[in-house]
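Undergrad: Spelled out, the chains give:
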Amino acid sequence: MKLEKNAHVITVKGNIASLSDFEMIKTSLEEMRTQHEKIILKIPDSLIINSSLIGYLVKIVKRDGITINLLAGNDILYELLDDLGLTETLNLQKI
Amino acid sequence: MTNKKATNIYHDMSILVVDDDQVILHLFEVLLKDVFKTLVLASNGKDALEQFNKQSFDLILTDYKMPYLDGLELISSIRDINKTIPIILMSSSKEHNVYRQAINLNVTHSLLKPIQKDQVEKVLEKVVDSIYFYQRSKQIENNELSTLKNQKDYDNQQQKQAFLKEHQAIRNDFYYSYYKNHSNGNLWYLDGSYRPHDILSGDTYSIRCTDDNKAFFFIIDAMGKGVSASVTSIVASSYINHMIDNQQGPLDLAKLLSDFNAYIIKILLEEEVLAVVFAEIDFNAQEICISSYGMPPVLMFNDKNEIIKIKTNNLPLSKHNASFNINCHKIDTIDKMLFYSDGLVESKLDNGELYFSHLKQDFANSKSRSSFLKKLYTKVTKPDDDITLLFFQKRIPDNDKKMVSLSCESYISKVEEVSLNFHTYLKDNDVDPIHTAKLGMIFTEMMMNAYEHGNLNVSHNQKKELIKKGELADEFAKREGLYGKRLINVNYCIQAHGEGKSLTFDIKDEGEGFDTNIFKKLIFDTSSVSGRGFKIAKKMVDAIYYSPKGDHVILHKYIPKEL
Numbered sequence: 001m002k003l004e005k006n007a008h009v010i011t012v013k014g015n016i017a018s019l020s021d022f023e024m025i026k027t028s029l030e031e032m033r034t035q036h037e038k039i040i041l042k043i044p045d046s047l048i049i050n051s052s053l054i055g056y057l058v059k060i061v062k063r064d065g066i067t068i069n070l071l072a073g074n075d076i077l078y079e080l081l082d083d084l085g086l087t088e089t090l091n092l093q094k095i
Numbered sequence: 096m097t098n099k100k101a102t103n104i105y106h107d108m109s110i111l112v113v114d115d116d117q118v119i120l121h122l123f124e125v126l127l128k129d130v131f132k133t134l135v136l137a138s139n140g141k142d143a144l145e146q147f148n149k150q151s152f153d154l155i156l157t158d159y160k161m162p163y164l165d166g167l168e169l170i171s172s173i174r175d176i177n178k179t180i181p182i183i184l185m186s187s188s189k190e191h192n193v194y195r196q197a198i199n200l201n202v203t204h205s206l207l208k209p210i211q212k213d214q215v216e217k218v219l220e221k222v223v224d225s226i227y228f229y230q231r232s233k234q235i236e237n238n239e240l241s242t243l244k245n246q247k248d249y250d251n252q253q254q255k256q257a258f259l260k261e262h263q264a265i266r267n268d269f270y271y272s273y274y275k276n277h278s279n280g281n282l283w284y285l286d287g288s289y290r291p292h293d294i295l296s297g298d299t300y301s302i303r304c305t306d307d308n309k310a311f312f313f314i315i316d317a318m319g320k321g322v323s324a325s326v327t328s329i330v331a332s333s334y335i336n337h338m339i340d341n342q343q344g345p346l347d348l349a350k351l352l353s354d355f356n357a358y359i360i361k362i363l364l365e366e367e368v369l370a371v372v373f374a375e376i377d378f379n380a381q382e383i384c385i386s387s388y389g390m391p392p393v394l395m396f397n398d399k400n401e402i403i404k405i406k407t408n409n410l411p412l413s414k415h416n417a418s419f420n421i422n423c424h425k426i427d428t429i430d431k432m433l434f435y436s437d438g439l440v441e442s443k444l445d446n447g448e449l450y451f452s453h454l455k456q457d458f459a460n461s462k463s464r465s466s467f468l469k470k471l472y473t474k475v476t477k478p479d480d481d482i483t484l485l486f487f488q489k490r491i492p493d494n495d496k497k498m499v500s501l502s503c504e505s506y507i508s509k510v511e512e513v514s515l516n517f518h519t520y521l522k523d524n525d526v527d528p529i530h531t532a533k534l535g536m537i538f539t540e541m542m543m544n545a546y547e548h549g550n551l552n553v554s555h556n557q558k559k560e561l562i563k564k565g566e567l568a569d570e571f572a573k574r575e576g577l578y579g580k581r582l583i584n585v586n587y588c589i590q591a592h593g594e595g596k597s598l599t600f601d602i603k604d605e606g607e608g609f610d611t612n613i614f615k616k617l618i619f620d621t622s623s624v625s626g627r628g629f630k631i632a633k634k635m636v637d638a639i640y641y642s643p644k645g646d647h648v649i650l651h652k653y654i655p656k657e658l
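Line by line, the protein sequences give chains A and B. Quick note on numbering: the numbering used here labels position 70 of the first sequence as 70, and the sequence is numbered without any gaps. Throughout, the numbering used here is defined as the position within the second sequence, counted from one, plus 95.
To be clear, the hints were calculated from the coordinates, so they are not data collected in a lab. Each hint should be verified, as a subset may be incorrect.
[Unchecked claim] Examples of chain A residues toward chain B, derived with CB under 8 Å: (1) Leu47; (2) Ile54; (3) Gly55; (4) Val58; (5) Lys62; (6) Asn91; (7) Leu92.
Quick reminder that beta carbons are idealized off the backbone N, C-alpha and C, glycines included.
For reference, chain A alone in the conformation it holds in the complex:
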């Protein structure tokens, strides 16, 4: 997995699989949200995201009022997140 950061956009390339992948994304989001209230999270490749990341995203949206715009590149990831009822909360869109 590889992270790219640009202004308020984080792009996660490759598969999100391990807890350390989650920690990397979380650290980047934590840094970014000190400067931006709206963050675009692009996930072009991964088929799944782990529940720890979902938990963290729900927390910063619901508790801290951060707006997340999650852009899924893979149709399966989009459908899985939509099935989990996260479309509205995470402003889920297909890339």
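Chain B: place on chain A using the hints.
TA: Quick look at chain B alone, frame taken from chain A:
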């Protein structure tokens, strides 16, 4: 000998000294006899080998040049028996080539002739040092191994207990039993499957029968894996099951969820989420009410062979979101339903593809939970997450005229007669000999259960005792006199199914019945021989369900076309 450490060690050691020169042997005797615990002298290689085979030594000192068996030949023979015993080789300065061969025989020390006392002491000290360090490292290694073994035993015990505890949190009031809708005669088979990835799992489930005769059930999938997830899921399911156990009167689903949410958000960590699906089925009203928190969609299959997907109606439960919706759906046209944790859809096939892409098709093509699980685990050979699923299936009773119905009184001869009829029926319907033998055996086991445990009312423990005393046949004869008129009713039918055949049979007795949850204990207790008939049938048929009372059993078996 001046070195104190070495002297102490010598006192516990035995040494074998070999030389054909009696003067040298005498010299060593004087030098070493009060130093070592045991000193044995040998005047040639052959004698030395005999001594070596007679008793154990800690150290050997041998000359090279000797009659019969030279030093190297002696060492070679000893090495065949003992690869590590320290050996000191004595030789003259002219015999340097000997050392190359000696090194190959793991001789690590040497003494040059002529022998000098201080040289002997130095070499012996070196050897003793190496022995000392060897013994010390061995001791440390043994201590470490013992500590590791104790730790491993402890861990294994902990894991075993934790696993049993986790299974205690899973409750299934419909364990191997069916639900019967008395208004239309339909049966529902409510099955669960639980496959944790680790000993401790973030998944749990329960299927409960409420006071108002509805089925209430849930799957919990706590965030992450292992111990932390397991604590959350066990705490959550224990709470809900406790609420159900203490429920009096009809279940108020909204109240239960509200109470549960208030309880669980106090326990969840700041970023922890809990995915849960709760549902209640009212079989009489043919309605299901679902409240799903971030769980994958419920799949339903209707009588028009269509899959209906019911998406989650709530966000995953977290400290920051505990509001909920409950939505109800009619199920009068639904034939089967599937509830599952995300481990099912996110499991990877060997080619890296997600099982997600195969789920709907496998569900649509599965006649039972076991056929679905077979399809799933053929594709997903190494699941990387917990997989929990509930497979519910409606069965409309067969009104087929081809159904064979028989009944017999509770006499062993009559039971055998019915079993024989079943066997003949299978043969007449072209069931292959292997399936005929297996199904015939299962049928007989089930008939015997209805006869012994059902109508004659002999418990598993009583049977065990009677067998021990050799009184079983007498007791059966006695009880036949009391209960022989009780009937065993049997139905069986074979129908064409796809390319093969589908066999259904059911057996009903007039006994007291039993709680099917005893099977849970029997499955975990692999040493128990009780419930043999059930264990065999469970392995060989696709589905086996008892009535809630335990006095009626239905079995289904798909018989593939003979190749």
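Undergrad: Does each hint fit the structure? Answer for all of them.
TA: Tested hints:
no.: 1; hint: Leu47; in the structure: holds (6 Å)
no.: 2; hint: Ile54; in the structure: holds (6 Å)
no.: 3; hint: Gly55; in the structure: holds (4 Å)
no.: 4; hint: Val58; in the structure: holds (6 Å)
no.: 5; hint: Lys62; in the structure: holds (4 Å)
no.: 6; hint: Asn91; in the structure: violated (14 Å)
no.: 7; hint: Leu92; in the structure: violated (13 Å)
Hint check: violations occur at hints 6 and 7; the rest are consistent with the structure.
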